[in-house]
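Asker: Each chain, written out:
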Amino acid sequence: MIDALSEIAAIFNRWNRKLVRQPILIFFNLIQPLVWFLLFTQAFSAIGNIPTFQLLTGTTSYITFFTAAVIIQTIASSALNAGIGLVNDFDSGFMDKMRVAPISKSSILFGRLFSSALTTVVQVAIILVIGLALGVNIASGVPGVIVIFILAGLFGIAWSGISLFVALNTKNAETTLSVGLLTTFPLLFLSASVMPLGLLPSWVQQVAKVNPFTYIAEAFQSLIIKGFVWSNIENALIAILIVGALSLGASILLFRRKIS
Amino acid sequence: MMEENIVQVEDLHKTYGKDVIAVDGISFTVKKGEIFGFLGPNGAGKSTTIKILTTLLEKSSGKVTIDGLDIDHDQAKVRRIIGYSSQDVGVDDDLTARENLLLQCSFHHIPKEKAKAKVEELLQTVKLAEAANRRLKTFSGGMRKRLDLASALVSEPKILFLDEPTTGLDPQSRKDVWEYIMKLNRQGMTIFLTTQYMEEADLLAGRLCIVDQGKIVAEGPPNKLKSEVGLDKITLHFKADDLAACDKAKELTTKIPNIQEVGQCRDGLVSENGLTIMTKNGSAMVTQVVRALDSEGINIEQLTLSAPTLDEVFLKLTGKTLNVVERKEAVVYGGRRRRR
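Protein chains in written order, with my numbering: chain D, -15 to 244; chain B, 1301 to 1640.
Worth flagging that the hints you see were computed from the coordinates, not collected in a lab. Some hints could be false.
In silico DSSO-like links for lysine-lysine, alpha-carbon gap of 30 Å or less [what the hints assert, rightly or not]:
1. D:K155 - B:K1377
2. D:K89 - B:K1437
3. D:K155 - B:K1616
4. B:K1533 - D:K89
5. B:K1616 - D:K89
6. D:K2 - B:K1550
7. D:K89 - B:K1412
8. D:K2 - B:K1427
9. B:K1363 - D:K89
10. B:K1414 - D:K155
11. B:K1416 - D:K2
12. B:K1318 - D:K89
13. B:K1412 - D:K2
14. B:K1427 - D:K155
15. D:K2 - B:K1363
16. D:K89 - B:K1539
17. B:K1550 - D:K89
18. B:K1427 - B:K1416
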């Protein structure tokens, strides 16, 4: 157990160090969410005037509502990198170095995932600061922000599992990248993150109800607009647990099998 | 005793998919303290074999033990006693040399203080102490390889596996790596290395396997392989293109028993190529050749003797050449000839 923790710590530190050496990567992931944050919310600000929207969300500001979508986009985009990092390790031969060492396979994955989660939290913090500057108010205050960070970190880990799975399967950076990019946008629009559930067409509602993004978005939305709504936070945690169990379980199994 | 052999491989097979046979039933042993070479062209199954031995790849069938440990059942224990340096050079370019080694130490659960001392010592040994705080991005190929070798040694392994340690290196770096490998071996390290360079196998390996298409085609010390499979070459040169002398010499030497092949005298200028005699056990045959010529009063200007190269051994065994290595000719009789 102590061995496993020290292994994870070593690999966690390695990734953090790599990122600090190339801080540009932190901002690279943020470009797309930021463009959305700044432009999408301007173009669609009139949505805030729709009475049903106000009724469903409890706010007249579309940008306040949309902040949750930007956070999710940031998490998803950051999660992509987890897999890409592994692909790079396969290409450089560093993966073989780790595999020959007497360390557990899970340590290799968790060290990567935790570092990726830390990056996600930093990025979400940047988004929130920009949100505040744009006039977004966070109803749940500082405790709420902490909960947002925790949820973002945990969902980051769970969602990274998908990128790890694709990376381990394909060992190809392009595929890993495109699988991530191609799934993020449809999932965003087929969830309650861009529009409240009640304003979505009924077929989209059906899809949104099984889309984890919906539950994460609703938790963020309530923390930002209303305050602590525990049922939403609970739902988000359940969604994270399900996604995480599936994606990480599959990744670990695949990683173990490919080797021994 | 079993302990003499650190690696034992019996009837190893590896098949990719249904019909790509990478390793086709090979058996060999590596003795403690030796440098054992695996020589063969690309695609011969060298990397596949080394990956199986280092637990990176699952074999299809066969039995492999490393220091008495079964590679299937004691994988974790095997990983503790081996060092591995891959062809790819598995180092992290974003980290410094020192950080890379420290990271490797933590993979082997070496306590911090001990790790620090170990890393400084290794940096000195591979002559990277001055570059210790530089990121690997700025390193040359030779420096990266040296660091990679050092990182394979942090755990003080019982056996070091090197997959084509000098492929892609410039000549000077190659020599440095060779020297380092020999030094490690002198200190008692057992080394298993794969290579596609004859020269490297010849210089480093105490014993070697020549592999081709997943099979071992020959095994033994390089010199033994050369003398068993290859032929020595005796070359006679005559004064002033003395064709008559050459013809006579050809006639006489052909009669000597055990001489396998005598070349042509009119093969271009006599003085240019001389008369070549292929034989086993060349140094002993020289006396017989000289005696035969002397008895007929034939003067020779110069006589040279050369041993076969591993490349010729390889050619003979597989019908292919790997990389042509010139024979080194030793002048046995006569002075240095002027080039005409």
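Asker: Can you give the numbers of the hints that this structure goes against, from lowest to highest?
Answerer: Hints 3, 4, 5, 6, 10, 14, 15, 16 and 17 are the ones this structure does not satisfy, whereas the remaining hints hold.
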